[in-house]
Amino acid sequence: MKTWLSQHLTALRDTGRRLLITPLATLLNIAVMGVALSLPVGLYLGLSQLQGLSRQVSSDPQVSLFLALDASPSDVREVEQRLRQNSEVGTFRYVPRDRALADLERNAHLTDVLQSLKTNPLPDAFVVTVRDNRPEGLEALRDEAARWPKVEHVQLDSDWARKLDAALRVGRSLALVLGVLLSSALVAITFNTIRLQILTRREEIEVSKLIGATNQFIRRPFLYFGALQGLAGGLAALLVVGAATWLLNRDLGGLSELYSATFGLSPPSIEDSALLLGFSSLLGWLGAWLSVSRHLWQIDVR
Amino acid sequence: MITFTDVTKRYPGGYQALKGVSLSLEPAEMVIVSGHSGAGKTTLLKLMAAIEIPSSGAVIVNGQNTRSVKAAAMPYLRRKFGLVFQDHKLLFDRNVFQNVLLPLQITGFDIRSSARRARAALDKVGLLGKEKAMPVTLSGGEQQRLCIARAVVHRPSVLLADEPTGNLDEASAGEILELFHIFNQVGVTVVVATHDRAVHARLRGRTLTVAGGKVIEGPVTT
Chain L
0 MKTWLSQHLT ALRDTGRRLL ITPLATLLNI AVMGVALSLP VGLYLGLSQL
50 QGLSRQVSSD PQVSLFLALD ASPSDVREVE QRLRQNSEVG TFRYVPRDRA
100 LADLERNAHL TDVLQSLKTN PLPDAFVVTV RDNRPEGLEA LRDEAARWPK
150 VEHVQLDSDW ARKLDAALRV GRSLALVLGV LLSSALVAIT FNTIRLQILT
200 RREEIEVSKL IGATNQFIRR PFLYFGALQG LAGGLAALLV VGAATWLLNR
250 DLGGLSELYS ATFGLSPPSI EDSALLLGFS SLLGWLGAWL SVSRHLWQID
300 VR
Chain B
0 MITFTDVTKR YPGGYQALKG VSLSLEPAEM VIVSGHSGAG KTTLLKLMAA
50 IEIPSSGAVI VNGQNTRSVK AAAMPYLRRK FGLVFQDHKL LFDRNVFQNV
100 LLPLQITGFD IRSSARRARA ALDKVGLLGK EKAMPVTLSG GEQQRLCIAR
150 AVVHRPSVLL ADEPTGNLDE ASAGEILELF HIFNQVGVTV VVATHDRAVH
200 ARLRGRTLTV AGGKVIEGPV TT
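If you read the protein sequences in the order shown, they are chains L and B. Read in order, the letters of the first sequence are residues 0 to 301 in numbering that gives the first Met the number 0. Read in order, the letters of the second sequence are residues 0 to 221 in numbering that gives the first Met the number 0.
Since the hints were made in silico from the structure, they are not lab data. Check each hint, because a few of them may be wrong.
Counterexamples of contact, computed for chain B against chain L with all Cβ distances above 12 Å [stated by the list, open to error]:
1) GLU25
2) SER36
3) VAL219
Estimated spans, in silico, between C-beta atoms of each pair [as the list claims (entries may be wrong)]:
4) L:LEU19 - B:ARG196: 47 to 55 Å
5) L:LEU19 - B:ALA210: 49 to 57 Å
6) L:LEU27 - B:ASP168: 41 to 49 Å
7) L:SER172 - B:MET133: 54 to 62 Å
8) B:PRO218 - L:LEU19: 52 to 60 Å
9) B:ARG111 - L:ILE269: 35 to 43 Å
10) B:MET133 - L:ILE269: 39 to 47 Å
11) B:PRO26 - L:LEU27: 52 to 60 Å
12) B:ASP168 - L:LEU19: 34 to 42 Å
13) L:ILE269 - B:ASP109: 31 to 39 Å
14) L:LEU27 - B:ALA210: 53 to 61 Å
15) L:VAL31 - B:MET133: 26 to 34 Å
Listed below are the simulated DSSO-like cross-link pairs for lysine-lysine, each with C-alpha atoms no more than 30 Å apart in a straight line [unchecked claim]:
16) B:LYS123 - L:LYS1
17) L:LYS1 - B:LYS131
18) L:LYS149 - L:LYS162
19) B:LYS79 - L:LYS1
20) L:LYS1 - B:LYS69
Only a predicted model underlies this, so the values are computations on that prediction, with no experimental measurement involved. Just so it is clear, CB atoms sit at the ideal spot from N, CA and C, and this is done for glycine as well.
Please take these sequences and the hints and turn them into a complete structure.
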């Protein structure tokens, strides 16, 4: 155990030394890895947060029932009665057409335009919250209410959120594809770096083999190199994502104020950061392992 | 300790370096392998260290047939040997101390014990005090002494030296040969291959002459 630990410490020290011997090349490799990893990671995090927002908005889906313009008070009472009897309906509120017009005047600053109208163009409406907000339940209520007398139009208010959610799912798939492609690039970068290292250290490997080094002993510093470089690439990606989040948040603050909302991107959580660092180290290790396995057997002292 | 039984070595391309060689080396022997350049001395040493495998016949090292040793076990067999090369094969990006440390790191000695052994080996070859020097700053003789320190630091039972004085002046060569005698006196089997008659004359031990692919037993010099 002591021997094993000692050999690993020696390999780790040797790897650190080699990373520092060529600082520019090391920094460039780390920068390339950082940028490559930050693209899918940043995209994934941004989309996840947008998806969270859309779910939050659509967590209380509503169905709006717009009545015909000629609906009488008895028609309104008829619809209200049907809503009370419907088991799918949780709560509902009636929005008379006059109040809707007043709200529109107040909120949209359209007084001049609305005063020029001869009649109120808005219908009476019911805003309904359902008990079960699964899409099937919402759609069933929408279809049923659309058949009621004097109900002109039924609208699922969560439709836009669901469409956004679907679009975000596509975005996440895109981030995944990008992630796989750029991860492969990271493995390839490490593979090539290690290949060059093996070539430049060929004599050292030969001597080590001649004096009794096992393949594990020879492989170890290269694997550490790949893993450490991957780890540093992951750290660089976190820095890039963190900086981009900070920059975007400055502009998003102004944008969200215009919509009377507060929305900002959060930097990667500790769990996400740990996952990214572990993953990038693993990719570096994999690239190194593939390279060493491919090239080490070619150096045979026999 | 090392036994050759009817060993033939033929390289790809058909060149036959050794043919029907049978010999036996005993522990703590001093053996001088002589012969002209290209006679097969290096091949003989490589077969002993399991760097080459015979085309036919058997090389037995400490009871193990080198042909049947699995690849994973080969490094452990090689650790029984200390190798001294004519071109030293030093690692020029590491200092003197780190070069000597390498076999100990490979073998798995702990750091403290490794440092002690490395200093002892450097002391034996007269390089203590130059631990931090880079090999490129050493003279040819010093580089060869460093190579010897690296070869003996893990206390191998056999020391194989291939033309160890080939690039050295007479004085440096004398110091190197004396070192071999010192290691032999403490029980290490030393095999020195040389084409140089002057070197041969300064060594005391059993002589094997390689000529025409055959190994001829010569006299024991004292």
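Cross-check of the supplied hints:
{"no.": "1", "hint": "GLU25", "result": "23 Å, holds"}
{"no.": "2", "hint": "SER36", "result": "22 Å, holds"}
{"no.": "3", "hint": "VAL219", "result": "30 Å, holds"}
{"no.": "4", "hint": "L:LEU19 - B:ARG196: 47 to 55 Å", "result": "50 Å, holds"}
{"no.": "5", "hint": "L:LEU19 - B:ALA210: 49 to 57 Å", "result": "53 Å, holds"}
{"no.": "6", "hint": "L:LEU27 - B:ASP168: 41 to 49 Å", "result": "47 Å, holds"}
{"no.": "7", "hint": "L:SER172 - B:MET133: 54 to 62 Å", "result": "55 Å, holds"}
{"no.": "8", "hint": "B:PRO218 - L:LEU19: 52 to 60 Å", "result": "57 Å, holds"}
{"no.": "9", "hint": "B:ARG111 - L:ILE269: 35 to 43 Å", "result": "39 Å, holds"}
{"no.": "10", "hint": "B:MET133 - L:ILE269: 39 to 47 Å", "result": "45 Å, holds"}
{"no.": "11", "hint": "B:PRO26 - L:LEU27: 52 to 60 Å", "result": "55 Å, holds"}
{"no.": "12", "hint": "B:ASP168 - L:LEU19: 34 to 42 Å", "result": "39 Å, holds"}
{"no.": "13", "hint": "L:ILE269 - B:ASP109: 31 to 39 Å", "result": "37 Å, holds"}
{"no.": "14", "hint": "L:LEU27 - B:ALA210: 53 to 61 Å", "result": "57 Å, holds"}
{"no.": "15", "hint": "L:VAL31 - B:MET133: 26 to 34 Å", "result": "32 Å, holds"}
{"no.": "16", "hint": "B:LYS123 - L:LYS1", "result": "28 Å, holds"}
{"no.": "17", "hint": "L:LYS1 - B:LYS131", "result": "27 Å, holds"}
{"no.": "18", "hint": "L:LYS149 - L:LYS162", "result": "29 Å, holds"}
{"no.": "19", "hint": "B:LYS79 - L:LYS1", "result": "22 Å, holds"}
{"no.": "20", "hint": "L:LYS1 - B:LYS69", "result": "26 Å, holds"}
Against the hints set out earlier in the document, no violation occurs for any number.
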